[in-house]
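Protein chains in written order, with this note's numbering: chain Z, 1 to 345; chain X, 1 to 345.
Everything labelled a hint here was simulated from the structure, so no lab data went into it.
None of these values were measured; they are calculated from a predicted model.
Careful, some of the hints might be misleading.
Stated by the list, open to error - Here are the computed lysine-lysine pairs in the DSS-like style, where the Cα-Cα straight-line distance is at most 25 angstroms:
1. X/K97 with Z/K36
2. Z/K160 with X/K97
3. Z/K164 with X/K99
4. X/K36 with X/K164
5. X/K36 with Z/K160
6. X/K99 with Z/K97
7. X/K99 with X/K36
8. X/K160 with Z/K160
9. Z/K160 with X/K164
10. X/K36 with Z/K164
11. Z/K99 with X/K160
12. Z/K160 with X/K132
13. X/K132 with Z/K36
14. Z/K132 with Z/K160
There are 2 protein chains.
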Amino acid sequence: MTSIKKSFLRALAGEVVDPPPVWLMRQAGRHLSEYKELRATTKSFLDFCYSPEKAIEATLQPVRRYAMDAAILFSDILVIPDALGMDVTFVPGVGPKLKPLEPGDPAPVFDAEKFHHHLDPVYQAVNGLSAKLDDTVTLIGFAGAPWTVATYMVEGGGSKEYQKTRTWAYAEPDSFQALIDVLVAATSSYLIRQIDNGAEVVQLFDSWAGILPPNQFARWTTAPIKAITKAVKAAHPNTPVIGFPRGAGLLYKSFVEETGVDGVSLDATVPLDWAAREIQPLCTVQGNLDNLALLTGGQTMDDEIRRVLDAFKNGPFIFNLGHGVLPETPVAHVERLVALVRGEK
Amino acid sequence: MTSIKKSFLRALAGEVVDPPPVWLMRQAGRHLSEYKELRATTKSFLDFCYSPEKAIEATLQPVRRYAMDAAILFSDILVIPDALGMDVTFVPGVGPKLKPLEPGDPAPVFDAEKFHHHLDPVYQAVNGLSAKLDDTVTLIGFAGAPWTVATYMVEGGGSKEYQKTRTWAYAEPDSFQALIDVLVAATSSYLIRQIDNGAEVVQLFDSWAGILPPNQFARWTTAPIKAITKAVKAAHPNTPVIGFPRGAGLLYKSFVEETGVDGVSLDATVPLDWAAREIQPLCTVQGNLDNLALLTGGQTMDDEIRRVLDAFKNGPFIFNLGHGVLPETPVAHVERLVALVRGEK
Numbered sequence: 001m002t003s004i005k006k007s008f009l010r011a012l013a014g015e016v017v018d019p020p021p022v023w024l025m026r027q028a029g030r031h032l033s034e035y036k037e038l039r040a041t042t043k044s045f046l047d048f049c050y051s052p053e054k055a056i057e058a059t060l061q062p063v064r065r066y067a068m069d070a071a072i073l074f075s076d077i078l079v080i081p082d083a084l085g086m087d088v089t090f091v092p093g094v095g096p097k098l099k100p101l102e103p104g105d106p107a108p109v110f111d112a113e114k115f116h117h118h119l120d121p122v123y124q125a126v127n128g129l130s131a132k133l134d135d136t137v138t139l140i141g142f143a144g145a146p147w148t149v150a151t152y153m154v155e156g157g158g159s160k161e162y163q164k165t166r167t168w169a170y171a172e173p174d175s176f177q178a179l180i181d182v183l184v185a186a187t188s189s190y191l192i193r194q195i196d197n198g199a200e201v202v203q204l205f206d207s208w209a210g211i212l213p214p215n216q217f218a219r220w221t222t223a224p225i226k227a228i229t230k231a232v233k234a235a236h237p238n239t240p241v242i243g244f245p246r247g248a249g250l251l252y253k254s255f256v257e258e259t260g261v262d263g264v265s266l267d268a269t270v271p272l273d274w275a276a277r278e279i280q281p282l283c284t285v286q287g288n289l290d291n292l293a294l295l296t297g298g299q300t301m302d303d304e305i306r307r308v309l310d311a312f313k314n315g316p317f318i319f320n321l322g323h324g325v326l327p328e329t330p331v332a333h334v335e336r337l338v339a340l341v342r343g344e345k
Numbered sequence: 001m002t003s004i005k006k007s008f009l010r011a012l013a014g015e016v017v018d019p020p021p022v023w024l025m026r027q028a029g030r031h032l033s034e035y036k037e038l039r040a041t042t043k044s045f046l047d048f049c050y051s052p053e054k055a056i057e058a059t060l061q062p063v064r065r066y067a068m069d070a071a072i073l074f075s076d077i078l079v080i081p082d083a084l085g086m087d088v089t090f091v092p093g094v095g096p097k098l099k100p101l102e103p104g105d106p107a108p109v110f111d112a113e114k115f116h117h118h119l120d121p122v123y124q125a126v127n128g129l130s131a132k133l134d135d136t137v138t139l140i141g142f143a144g145a146p147w148t149v150a151t152y153m154v155e156g157g158g159s160k161e162y163q164k165t166r167t168w169a170y171a172e173p174d175s176f177q178a179l180i181d182v183l184v185a186a187t188s189s190y191l192i193r194q195i196d197n198g199a200e201v202v203q204l205f206d207s208w209a210g211i212l213p214p215n216q217f218a219r220w221t222t223a224p225i226k227a228i229t230k231a232v233k234a235a236h237p238n239t240p241v242i243g244f245p246r247g248a249g250l251l252y253k254s255f256v257e258e259t260g261v262d263g264v265s266l267d268a269t270v271p272l273d274w275a276a277r278e279i280q281p282l283c284t285v286q287g288n289l290d291n292l293a294l295l296t297g298g299q300t301m302d303d304e305i306r307r308v309l310d311a312f313k314n315g316p317f318i319f320n321l322g323h324g325v326l327p328e329t330p331v332a333h334v335e336r337l338v339a340l341v342r343g344e345k
């Protein structure tokens, strides 16, 4: 037994916590009416993220409503290219738009002073949250992982096949590596600054890791996250790092072994028995209820929640989804989820 | 050694063939200028598929150009909903459009006579191909697997999250099962008729299997493909069946064990060493060069081809991609691929 008070941090330190701590990816945001009201007060999505008061309030809304064990900073993974001068905009109904990099283009320059000045409102939000949160709730900072962020920078927005990014990575790996290296440096520095300001855990989201074949995954997902984890630990040895290489399948195992993360977030396609046997002995697992089971609710959801709880009960575990809460998800389903995880029948 | 002459069929019968047989998913179609010329002669894509002469010519073009070991019928997975009366159209630049089923809707009725009458031009094409192909080239028939075809029928076209289909499957599994059952019956009957007309192998494409969590995968991908394989084998015990549950990851193994397929097509995210160790002892493997390595060409492509060849050389193996040939792929890259597989330095 450790002397740490917060159940979330105890689970990340390797303790079997009963009931397990619970939070949900995208617990803040569009499924909450109070968020939609708050969001309507600012036109641009990034301006909203860069307003410390609004980001704080959006972060706290689900914690207040559901008594979650963790609060995750309300922000977006594309603040990093934005702070690198790439001028990101969010087009309503379409998604993010950037002026894309072309294969072989030099990477944006990481000017630490300009970068951190641009992101100062984020650090203010983290700082404010750190002061406001109840002493049982853990504050999670986060960033997009280099591979996923690079896909947006190269495709100029979302994509289905990532053809341009993937072809660049194959055809000119040196110049693509230079882009990834800038993102490793910027992301490490960004996460360290979040921790300086009160983040207690950081999570790296590699949402598009699952499209990469194994040798590409090793180079563009595992190696950059390993480098960031090392840099974060050099500055803050006691701050846990969670990795989320979504869709990694079999490669979750080498990812955990090689990056040295303290926890790994598993998507809903990962078989429970395999993860309990192969991954949970290596680090804390987080996940992995299907977000469509949460959307569906009813007996289906109850059954799926119980299967996840049962599979991971004998090792270090944080209850979460395999992907983010969908906008159409009823609040009552999330309430039921939290109650079930906490032992209600 | 068997007495079968065609190297493709020998590999599917479990023989280690050197050099391995080679063909590529989407080897016919948009990367070939002769296809684009032929395609321009018919406005509607489905009308093109339903023209036996044109479907035959599109099927033969890549076989002629590259001397592939197999020809795959030129058609589309959505001819099944079209033949079930769902009135599929292909909108240029957008993709397929169908009037979508709503959750709980009764499944379309499988009227065998109407269905086969609608698909008669496809059977004519198979028959014509069977007569025309050189006696070293194997003719592959195919169909979309029920899960993947159902997503198009429910979403009304392509989709990113498959939210409507997945929620239906969770919330009303009985009515969704009824839809899958109709697709199992129609698909089995369709493939049997292709074999009656000369197809020597059939492949089932479950392109969106990879989004399903394990218990959903077992019910909506593995079980329907098992049922179709059984029905095909009951009518044609000696015709090999290849399954392609794209993105199945760890679940490829249980898929092969449970369906009884003779071969499995592996996507490019499957680790070579794992597949050689865990899958190749169970059945013939087909794959799995990254289609973006083929698009890239050069030393990258050569290296990746050699890695695949080396990994699978000690067991039954058919060289292929992990996904279809991309429209921008240069013909010279495909020529180089075939030469390398056949032992050119």
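Structure-based check of all given hints:
no.	hint	verdict
1	X/K97 with Z/K36	violated, 32 angstroms
2	Z/K160 with X/K97	holds, 18 angstroms
3	Z/K164 with X/K99	violated, 33 angstroms
4	X/K36 with X/K164	violated, 35 angstroms
5	X/K36 with Z/K160	holds, 24 angstroms
6	X/K99 with Z/K97	violated, 31 angstroms
7	X/K99 with X/K36	violated, 28 angstroms
8	X/K160 with Z/K160	holds, 8 angstroms
9	Z/K160 with X/K164	holds, 19 angstroms
10	X/K36 with Z/K164	holds, 23 angstroms
11	Z/K99 with X/K160	holds, 23 angstroms
12	Z/K160 with X/K132	violated, 38 angstroms
13	X/K132 with Z/K36	violated, 63 angstroms
14	Z/K132 with Z/K160	violated, 40 angstroms
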